[in-house]
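Line order of the protein sequences matches chains H and W.
Our numbering numbers the first residue of the first sequence as 1 and each following residue consecutively.
Our numbering numbers the first residue of the second sequence as 1 and each following residue consecutively.
Treat the hints with care, since some could be wrong.
With a cut-off of at most 30 Å between alpha-carbon atoms, the simulated DSSO-like pairs for lysine-lysine come out as follows [claimed, not checked]:
no., chain 1, residue 1, chain 2, residue 2
1, W, K78, H, K86
2, W, K174, H, K107
3, H, K55, W, K172
4, H, K178, W, K367
5, W, K172, H, K104
6, H, K49, W, K159
7, W, K97, H, K86
8, W, K124, H, K112
9, W, K78, H, K104
10, W, K59, H, K49
11, W, K97, H, K104
12, W, K172, H, K112
13, W, K279, H, K112
14, W, K159, H, K272
15, H, K49, W, K124
16, W, K96, H, K400
17, H, K178, W, K172
18, W, K124, H, K104
19, W, K159, H, K112
20, W, K97, H, K178
21, H, K107, W, K159
22, H, K86, W, K172
23, H, K55, W, K124
24, H, K86, W, K174
25, W, K97, H, K107
26, W, K174, H, K112
27, H, K86, W, K59
28, W, K78, H, K107
29, H, K248, W, K174
30, W, K97, H, K112
31, H, K86, W, K367
32, H, K55, W, K174
33, H, K104, W, K159
34, W, K96, H, K112
35, W, K172, H, K306
36, H, K49, W, K367
Keep in mind the hints are simulated off the structure, nothing from the lab.
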Amino acid sequence: MRPIYLLLLILLQLSCSKEPEKDVVKENDNIILSTNEGVFMAGQPINLKFQTTLKVNAQLVLSNAFGSSILLPEINDQEITFNIPKNFSRKSGLCNWVLYSNGKSVKQGSFKIIPQTNSKPSLETYFGPRSITAGGIDFSMLVSIATDPFDNVYPEGTEALIKSQFLNTISESVVPSKDFISWKRIYSEDKAGRILVTSSVKEITSKELTTIVFAANAESFLVESQRNHKFADGNQIMSFNTNVIRDKFDNIISDGTTVNFIIENSKGALLKTVAPTIGGIAKAAMLHPAEKGEWRITAFVTGAAKSNTIKIDFDTAITDFDVKFSPDNRKIMIGPLKSFMQQLVPDGILIQLDVYSSSGEYLDSKKITSNKGLGTIELPSEYYVNGNYHLVVKSVGIIKKYDVEIHEE
Amino acid sequence: MKNKLTKTIYRILLIVSFFAINILIVSGISAVLSYLNTGADKSSMLHLEMPMDKVYAPKVTWGNTENPGRPMEEPSLKEIERDYLNAWHVRNIAYKKNDRYGVADFYTDSARARIYELIDLNIKSDNWSKATTLEHFIDLDFYSEDGTLVVFTDSEVEKYQEMYQGESPVIKQKDTASYQVMMLLEDGFWRIRHLNEIERVEIIKTESKRDIANLLSEVNNLKGINYYPQKTPWDTFGKNFNDSIINNDFAIINKMGLNTIRIFVQYEDFGKADVKVEKLDRLKKTLDLALENKLKVMVTLFDFYGDYDVSNWSLTQRHAETIVTTLKHHPALLGWDIKNEPDLDFDSRGRQAVLNWLEEMSSKIKKWDPQHLVTIGWSSPEAAVHLANEVDYVSYHYYRGPEEFLSAHNQLKTTISNKPLVLQEYGYSSYDGFWNLYLGSDEKQVEYYTTMQQQLAEAQVPFIFWTLYDFEKVPTAVAGSLPWRTRKQHHFGCIDLDGNRKEVFELLKQVP
Chain H
1 MRPIYLLLLI LLQLSCSKEP EKDVVKENDN IILSTNEGVF MAGQPINLKF
51 QTTLKVNAQL VLSNAFGSSI LLPEINDQEI TFNIPKNFSR KSGLCNWVLY
101 SNGKSVKQGS FKIIPQTNSK PSLETYFGPR SITAGGIDFS MLVSIATDPF
151 DNVYPEGTEA LIKSQFLNTI SESVVPSKDF ISWKRIYSED KAGRILVTSS
201 VKEITSKELT TIVFAANAES FLVESQRNHK FADGNQIMSF NTNVIRDKFD
251 NIISDGTTVN FIIENSKGAL LKTVAPTIGG IAKAAMLHPA EKGEWRITAF
301 VTGAAKSNTI KIDFDTAITD FDVKFSPDNR KIMIGPLKSF MQQLVPDGIL
351 IQLDVYSSSG EYLDSKKITS NKGLGTIELP SEYYVNGNYH LVVKSVGIIK
401 KYDVEIHEE
Chain W
1 MKNKLTKTIY RILLIVSFFA INILIVSGIS AVLSYLNTGA DKSSMLHLEM
51 PMDKVYAPKV TWGNTENPGR PMEEPSLKEI ERDYLNAWHV RNIAYKKNDR
101 YGVADFYTDS ARARIYELID LNIKSDNWSK ATTLEHFIDL DFYSEDGTLV
151 VFTDSEVEKY QEMYQGESPV IKQKDTASYQ VMMLLEDGFW RIRHLNEIER
201 VEIIKTESKR DIANLLSEVN NLKGINYYPQ KTPWDTFGKN FNDSIINNDF
251 AIINKMGLNT IRIFVQYEDF GKADVKVEKL DRLKKTLDLA LENKLKVMVT
301 LFDFYGDYDV SNWSLTQRHA ETIVTTLKHH PALLGWDIKN EPDLDFDSRG
351 RQAVLNWLEE MSSKIKKWDP QHLVTIGWSS PEAAVHLANE VDYVSYHYYR
401 GPEEFLSAHN QLKTTISNKP LVLQEYGYSS YDGFWNLYLG SDEKQVEYYT
451 TMQQQLAEAQ VPFIFWTLYD FEKVPTAVAG SLPWRTRKQH HFGCIDLDGN
501 RKEVFELLKQ VP
């Protein structure tokens, strides 16, 4: 053998040697692939043809990303033809085949199917998050994917025109696709409102998509109060309201933002009332106290903003009241409780009686509420044996003390 | 007189049948009651999430998760991986049965249509396939700001597939492919929207070279014992694991002049795909003790495993990978026996299915641990010709008469001339009782071993005999529940139930 042939043979050997796989296809030169194209457009009918002089019992195993199938050929004289089924010829990407003859693999190869970009694409768009805050930091993301009639993704580099509208400005940009998708961040601006977006590929436009730009975090605000009178009658309802709360871009904060009103009274106790905003204003209400004192009110949008602190004084509404005892001192009648115009106070003023023994030992407390300006407390003989007691009556901040002897009638 | 006898017989019959009927009625009622009490567990009303067994566990390696969209969170990555693998799993099952079940959960409307079309095509042409993926390398390409869309590239997916037409297998294929995938988060499921096969993306994998020459030279000098503790046979690594007992046993084995033990790791007992840490620790401890007693250890994997189906290849591989990679640096380790007597499953599971599984497993174990030996413990010298090219040395078991041993061995040796042969299990039960018609005895055991040891020495066959102890309890999974089979299993040892050395003990002592 001439050396050149030997060399060729070695080269052939080398070019055929590949990494050892399990079912190594033993190339059979008696079967020749006569289909020359390696790239097809999706949807185009594909026939894989082989020429052979042998009588073969051929099968073709076809596989793409979605799975595999076995095909049987049409045999015509010396030509074996495999008609690639639609579900393979319509799926873009690689499609691998292995030809089996009499149960042995004799040839293998693959062809590539590219998306059918001649006809109009369909467009899928994904947009989110659908609500963002004003200020130019937060954004929504528009992702758009163009597919061909067989749901194959358009090739990399397909340009999508992404448009967005906000107030009076419409902005456009062209985004080439990469990793299936074209995408763009749509940033908010300083104003609250709605951003509308759409994308288009090859004159096909997507539907309109919206993201709502909400106001950013609230800024400091003011709180004020309204009341009918300044008396601590435990009956009137006073109201607090904020001014229009805005973010730092002057947008009115979103409706429904919760505002907490925290009230500190002169004893240091904290009272709280809550209201949601409407049009940036929150209105809350609170019952007047029953005794004289001073309230300090501050409102909060929790985690975001704080109001000024206002001070409110309450005057005494009830300056004094009578306390009468029954002859046996077992029945104590308090009242009438009269308010700032000598009118009877509304029902429900708290009256408390503390009972101490004559030696000053605390025994019991009794609480009632006033009814038609009056309150009556009884000390039954079952619990209070005859003897001397020290009684303290408390109501509307007034304290009265008595030493009495309780006895049978 | 006769009349009286008949009367008594009737009386007895009546009383007996009265009791019998009563027992039947009572047991019938109790069966009904206990039936009504089953299944109606109150907690079932809560529809709690059931802890699901892992069904699909190919090895997944995440590469780069940096992407231009949004930083990936660890929990979301876990969910995406879980649902992506589920997508592969339901699809494999769908093509195996040509049934749409489950596909809708992990593929979006338009993607599932492609699978349905292929199922219909395969039903028409009577094709079906068994497939699995074994390894994935995933790089994240894009994750959207609202966390509902993800694009990634899955490179070098290692796939195994068997295709059938009707009942007959057509191909067996192992290959790699790369895919680009887009998934959408819909109703709490990540679903595949687009899946494209792309040109292969090469990945640089560092694989160390196999280096087994040293260990292989030790094989020829191998003298060993199949080891189970006396109190816990077939449960070496269970709750009653006791390292001092094992240490004592290993000292005895070492004193006998033996240099190797063969131990067994049960697939289910060790937790299947998620290997239990405590079991693995005990296995490690056992190897430590073997090292202290100068013994090499042959670890037999997949004991009591019997399902070789392609659908759970990924699970068995995770099991083996965990054990192999944990122990591969242990100095006491000699190698891995992939499976004990797999040829016994040829009839029930299909010869080819078993062989395919073994072949794949052996190539994987060699990859995970290139420094140790790999073998398969065939149940007879005749079966040992299978996969001889895949193993580092050929192991077989022999429980037939000692007279024919040499001829069987030599027969095998002529077929496989290039690999060491190891007699990995042999022995003789000294059981002498009703079930073998009082035919066995200690003397016969001695006779057996005398003949065997002589032949082994002559032919220079490395051996591992069965076993150290007689056992009090033998699980039914080992030899069934028939007494004439299982009784024999109790008396293969060279130390009896009371701890006395049988005559064979001295015989099996090796001259160093």
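Quiz item: Are the Cα positions of K86/H and K367/W separated by 30 Å at most?
Solution: 40 Å, violated
Quiz item: Given the proposed pairing of K178/H with K172/W, does the C-alpha separation stay at or below 30 Å?
Solution: Violated: K178/H and K172/W sit about 36 Å apart, past 30 Å.
Quiz item: Given the hint that K55/H pairs with K174/W, does the C-alpha gap stay at or below 30 Å?
Solution: 28 Å, holds
Quiz item: When you check the alpha-carbon spacing of K97/W and K104/H, does it fall within 30 Å?
Solution: 25 Å, holds
Quiz prompt | K78/W paired with K107/H [C-alpha distance capped at 30 Å] | solution = Status violated; Cα separation ~40 Å.
Exercise. Measure nothing beyond the straight line between the CA atoms of K159/W and K272/H; if it is 30 Å or shorter, mark the hint as holding.
Key: Not OK: K159/W and K272/H at ~65 Å, beyond 30 Å, violated.
Exercise. With a cut-off of 30 Å on the C-alpha distance, tell me whether K86/H and K59/W pass.
Key: 33 Å, violated
Exercise. Given the hint that K49/H pairs with K124/W, test it: the Cα-Cα distance must not exceed 30 Å.
Key: 23 Å, holds
Quiz item: Taking only the CA atoms, is the gap from K97/W to K86/H under or equal to 30 Å?
Solution: Between K97/W and K86/H the Cα gap is close to 22 Å, so the pair holds against 30 Å.
Practice problem: Given the hint that K49/H pairs with K159/W, test it: the Cα-Cα distance must not exceed 30 Å. | Solution: 27 Å, holds
Self-check item: Pairwise hint evaluation, K112/H against K159/W, where the allowed Cα distance is 30 Å at most
Solution: 20 Å, holds
Self-check item: Hinted pair K174/W and K112/H, Cα distance within 30 Å
Solution: Within the cut-off at roughly 21 Å; holds.
The structure fails to meet hints 1, 4, 9, 10, 13, 14, 16, 17, 20, 27, 28, 29, 31, 35 and 36 from the earlier list, while all remaining hints are met.
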